[in-house]
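Asks: Spelled out from the first residue to the last, the chains are:
2 protein chains.
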Amino acid sequence: MAEELTGNVLVAQSGGPTAVINASLAGVIEEALNHDCIEEIYGGLNGILGILQERLIDLAEEPQQAIRGLRYTPSSALGTCRYKLRKEADFQRVVEVFKAHNIRYFFYIGGNDSQDTADKISKLAASTGWEMRVIGIPKTVDNDLVVTDHTPGYGSVIKEVATTVREIACDAEAMGQHDLVYILEVMGRSAGWIAAGATLAKRRDHPNDAPHLIYLPEVAFDTNKFLDDVAEVLKKEKYCLVVVGEGLVDSNGDYISTSDGNQDSFGHSQLGGVGDYLKGLIDQHFSGIKTRSMRPGHSQRAAATNASKADNDEAYLAGKAAVQAAMDGYTDKMVVLTRGDSDQYACETGLADLSEIANGVKHLPASWINEDGVSLNYQFVKYAGPLVQGEVVVPHENGLPKFVKLGKSAVQPLLPPYEVGA
Amino acid sequence: MAEELTGNVLVAQSGGPTAVINASLAGVIEEALNHDCIEEIYGGLNGILGILQERLIDLAEEPQQAIRGLRYTPSSALGTCRYKLRKEADFQRVVEVFKAHNIRYFFYIGGNDSQDTADKISKLAASTGWEMRVIGIPKTVDNDLVVTDHTPGYGSVIKEVATTVREIACDAEAMGQHDLVYILEVMGRSAGWIAAGATLAKRRDHPNDAPHLIYLPEVAFDTNKFLDDVAEVLKKEKYCLVVVGEGLVDSNGDYISTSDGNQDSFGHSQLGGVGDYLKGLIDQHFSGIKTRSMRPGHSQRAAATNASKADNDEAYLAGKAAVQAAMDGYTDKMVVLTRGDSDQYACETGLADLSEIANGVKHLPASWINEDGVSLNYQFVKYAGPLVQGEVVVPHENGLPKFVKLGKSAVQPLLPPYEVGA
Chain A
0 MAEELTGNVL VAQSGGPTAV INASLAGVIE EALNHDCIEE IYGGLNGILG
50 ILQERLIDLA EEPQQAIRGL RYTPSSALGT CRYKLRKEAD FQRVVEVFKA
100 HNIRYFFYIG GNDSQDTADK ISKLAASTGW EMRVIGIPKT VDNDLVVTDH
150 TPGYGSVIKE VATTVREIAC DAEAMGQHDL VYILEVMGRS AGWIAAGATL
200 AKRRDHPNDA PHLIYLPEVA FDTNKFLDDV AEVLKKEKYC LVVVGEGLVD
250 SNGDYISTSD GNQDSFGHSQ LGGVGDYLKG LIDQHFSGIK TRSMRPGHSQ
300 RAAATNASKA DNDEAYLAGK AAVQAAMDGY TDKMVVLTRG DSDQYACETG
350 LADLSEIANG VKHLPASWIN EDGVSLNYQF VKYAGPLVQG EVVVPHENGL
400 PKFVKLGKSA VQPLLPPYEV GA
Chain B
0 MAEELTGNVL VAQSGGPTAV INASLAGVIE EALNHDCIEE IYGGLNGILG
50 ILQERLIDLA EEPQQAIRGL RYTPSSALGT CRYKLRKEAD FQRVVEVFKA
100 HNIRYFFYIG GNDSQDTADK ISKLAASTGW EMRVIGIPKT VDNDLVVTDH
150 TPGYGSVIKE VATTVREIAC DAEAMGQHDL VYILEVMGRS AGWIAAGATL
200 AKRRDHPNDA PHLIYLPEVA FDTNKFLDDV AEVLKKEKYC LVVVGEGLVD
250 SNGDYISTSD GNQDSFGHSQ LGGVGDYLKG LIDQHFSGIK TRSMRPGHSQ
300 RAAATNASKA DNDEAYLAGK AAVQAAMDGY TDKMVVLTRG DSDQYACETG
350 LADLSEIANG VKHLPASWIN EDGVSLNYQF VKYAGPLVQG EVVVPHENGL
400 PKFVKLGKSA VQPLLPPYEV GA
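Protein sequence lines correspond, in order, to chains A and B.
Taking numbering that gives the first Met the number 0, the leading residue of the first sequence gets 0, the next gets one more, and so forth.
Taking numbering that gives the first Met the number 0, the leading residue of the second sequence gets 0, the next gets one more, and so forth.
If you're looking for bench data, these hints aren't it; they were derived computationally from the structure.
You may find that some hints are simply not true.
[As the list claims (entries may be wrong)] Derived list of chain A stretches under chain B, where covered just means 3 residues or more per stretch with a C-beta under 8 Å from a C-beta of chain B: (1) 73 to 87; (2) 105 to 116; (3) 138 to 148; (4) 159 to 165; (5) 286 to 295; (6) 399 to 409.
Everything numeric in this text was worked out from a predicted model, so none of it was measured.
Even for Gly, the Cβ is constructed at its ideal location relative to N, Cα and C.
Construct the entire structure; sequences and hints are all you get.
Replies: Okay, here's the thing in structure tokens:
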């Protein structure tokens with residue numbers, strides 16, 4: 000057992016929301032209540048930004064049903080930020096806030112930028128002699144954190160995307176006469192993890208199920224190949240369902256998107272995303288083809304009503320594991336998810352150095368992409384399949400999901416105001 | 000009791016799919032099995048098009064679990080079409096097919112175009128002395144059929160839209176600092192019924208909940224008012240959530256959409272829908288505002304995993320009621336849904352003349368739109384609220400919804416081929 004460290008907890012959320020980031024928050028709060036050396040449980044509003052501004056709330060004052068409700072409420076209940084600590088004064092200020100509020104445990108739920116921030120704060124606190132334990136909790140729909148097998152948030156977003164594919168495939172099947180192309184643009188600016196996840200919509204042993212073509216940022220886009228791909232599918236199938244990652248690039252590594260300077264055949268700049276761009280290509284090069292482009296955008300990462308139970312459970316588990324690791328004396332670590340080597344999926348938690356997480360990006364392995372460049376092989380399905388298992392039952396009121404809003408009882412500031420970004 | 004008419008049933012689906020059109024099909028099949036005077040239950044593939052081509056399937060051969068699965072499988076399991084009977088020969092051919100297959104009961108599930116077709120077929124059959132009963136079953140996400148209080152398919156699409164609004168509102172709430180605009184473009188080319196439904200996302204007694212602004216095709220769009228509306232919301236709220244119907248028009252009645260000849264400030268034509276157009280306006284006129292435009296498109300009408308149980312039950316009921324009406328001797332009618340005058344919502348079925356349905360369009364009442372032009376009053380909420388009640392539990396396999404595909408055992412054609420559209 001580690002030496003007991005008595006004091007307060009501070010937990011905050013950062014970066015883009017997911018459907019299950021609040022499940023991690025619930026895990027932190029519920030586990031923190033189990034330990035007598037933890038006196039107060041504070042939340043920082045809007046991530047590191049609110050901590051700089053000393054906008055803390057008392058999470059122990061929230062009703063139990065609100066904390067339970069966090070398990071199925073999407074997005075970041077504490078608010079989030081994209082603010083990056085820029086200058087030495089920012090870091091100093093964070094440690095001052097910790098000292099003023101006797102924060103001995105800091106849990107930061109976020110992606111690699113956030114883990115980088117946590118790492119720096121942790122090291123600064125140690126260098127000033129402030130004893131505390133800093134543990135990161137992974138979060139991102141992008142699934143690009145290294146060391147961890149996968150990241151909470153990813154399973155739910157691909158469950159949503161694959162569900163949408165199954166649903167619009169029924170729609171297209173009814174409408175199509177070898178003349179219909181549906182294009183679904185999905186999130187993923189720098190990697191194709193989310194677009195790849197759409198392949199789960201295929202039933203086992205039905206390789207011709209939708210999605211027929213998946214365009215990944217990892218594979219340089221080629222217009223002629225795309226048009227050939229679509230024509231080939233339409234020969235065999237009643238419709239062609241295309242999934243495209245928003246971060247698709249050409250062979251120069253430039254984004255392919257109508258909003259990024261691409262021009263249509265009339266030399267006009269075009270608004271809209273890459274899905275609209277692909278629609279434009281089809282409309283230009285084929286006649287008699289109906290094309291519909293869909294861009295659900297941020298609704299993908301907020302789709303709590305289609306969240307994966309496996310993902311949700313793991314997000315909650317990661318929150319609890321962070322507190323347990325801190326109780327065991329660890330600091331400057333992030334919780335990681337691991338899976339055993341057996342064929343039966345079993346997720347456990349481990350720890351990795353924050354610095355190791357901060358500096359890496361996990362790419363979709365090239366060996367999981369088929370030679371055609373537009374489909375994923377069984378290795379990807381084996382990897383991603385377990386992450387979407389089970390459904391989260393969201394309580395409804397008047398026919399709509401009943402999400403919680405925290406009461407956010409403010410903790411009295413103890414320091415002079417601090418000018419952020421000055 | 001009507002005189003017993005012995006023969007076969009033919010049922011077909013037409014127009015754009017909905018999340019519950021197959022529930023009506025299941026209702027027809029299950030009720031038809033109850034009546035001894037019905038010998039065979041046939042389905043016509045791709046609506047009237049497949050009937051012209053004599054592409055019929057034997058629905059009684061489908062496994063019971065497939066028919067049960069239709070209750071939660073989105074889109075038209077029989078396939079649909081947008082084909083309109085054009086010439087006298089088309090109508091004659093349909094009646095020939097009926098006679099060849101001893102079709103004495105024809106059930107057509109569709110919108111007002113489809114009911115118009117059913118009406119004409121019914122009258123032609125009668126004029127040639129072919130005794131049969133033709134009953135229409137209402138279907139459309141657009142909710143624009145007259146006489147019926149509402150249309151199966153509408154409750155589910157607005158439940159999906161309002162759920163998405165609640166989910167992305169959580170996302171925006173976490174991200175916004177009085178500088179964020181989310182725009183959700185929803186279906187509805189000619190009427191604002193679907194956009195209006197988004198208002199159900201507001202909790203009771205929380206008028207400031209999202210959606211903050213709803214732009215309806217019924218209210219002529221004014222750019223300056225729009226920019227003022229957005230600025231006003233951002234003064235008070237952390238973010239502004241805009242819902243816009245795809246059929247928004249200006250004061251001349253012209254569609255406002257980047258794909259309809261509108262030009263940006265550089266004189267460039269723009270691709271994309273009206274949501275992207277509104278995003279462009281904000282980006283041009285404000286600085287420091289982040290705008291995200293989402294266009295889920297056809298996924299809205301296919302979202303079986305978010306379907307309304309009330310809507311699903313009523314769609315099923317409408318299918319059964321059509322068969323019962325035919326058994327009672329009615330013909331040339333469409334099933335309509337009615338609600339009593341009591342405050343407690345109770346849906347019952349009735350009948351209306353097909354000709355009455357075919358020639359009307361139900362508009363969103365102007366008196367349900369508030370004076371601000373961007374919100375709906377309690378009369379709309381009272382109307383639409385009951386339509387989204389209850390959740391349909393969709394069975395899942397491997398974490399994804401398990402939809403059914405019919406086996407489609409073909410009925411032997413008995414007539415010479417017919418050239419469609421010749």
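Asks: All the hints need checking, so say for each whether the structure fits it.
Replies: Verification of the hints:
Counting residues of the stretch 73 to 87 of chain A whose C-beta lies closer than 8 Å to any C-beta of chain B gives 7; at least three are required, and the coverage claim holds. Given as covered by chain B, the stretch 105 to 116 of chain A fails the check, having 0 residues with a CB less than 8 Å from a CB of that chain where 3 are the minimum. Residues of the stretch 138 to 148 of chain A lying with their CB closer than 8 Å to a CB of chain B number 0, which falls below the three-residue condition for coverage. Evaluation of the coverage hint for the stretch 159 to 165 of chain A: fulfilled, as 4 residues show C-beta separations to chain B shorter than 8 Å, against a requirement of three.
Requiring three or more residues with a Cβ within less than 8 Å of a Cβ of chain B, the coverage given for the stretch 286 to 295 of chain A holds, as 5 such residues are present. Coverage of a stretch by a chain is defined here by at least three residues with a beta carbon nearer than 8 Å to that chain's beta carbons; for the stretch 399 to 409 of chain A and chain B the count is 3, and the condition holds.
Hints 2, 3, counting from the list given before, are not met by this structure.
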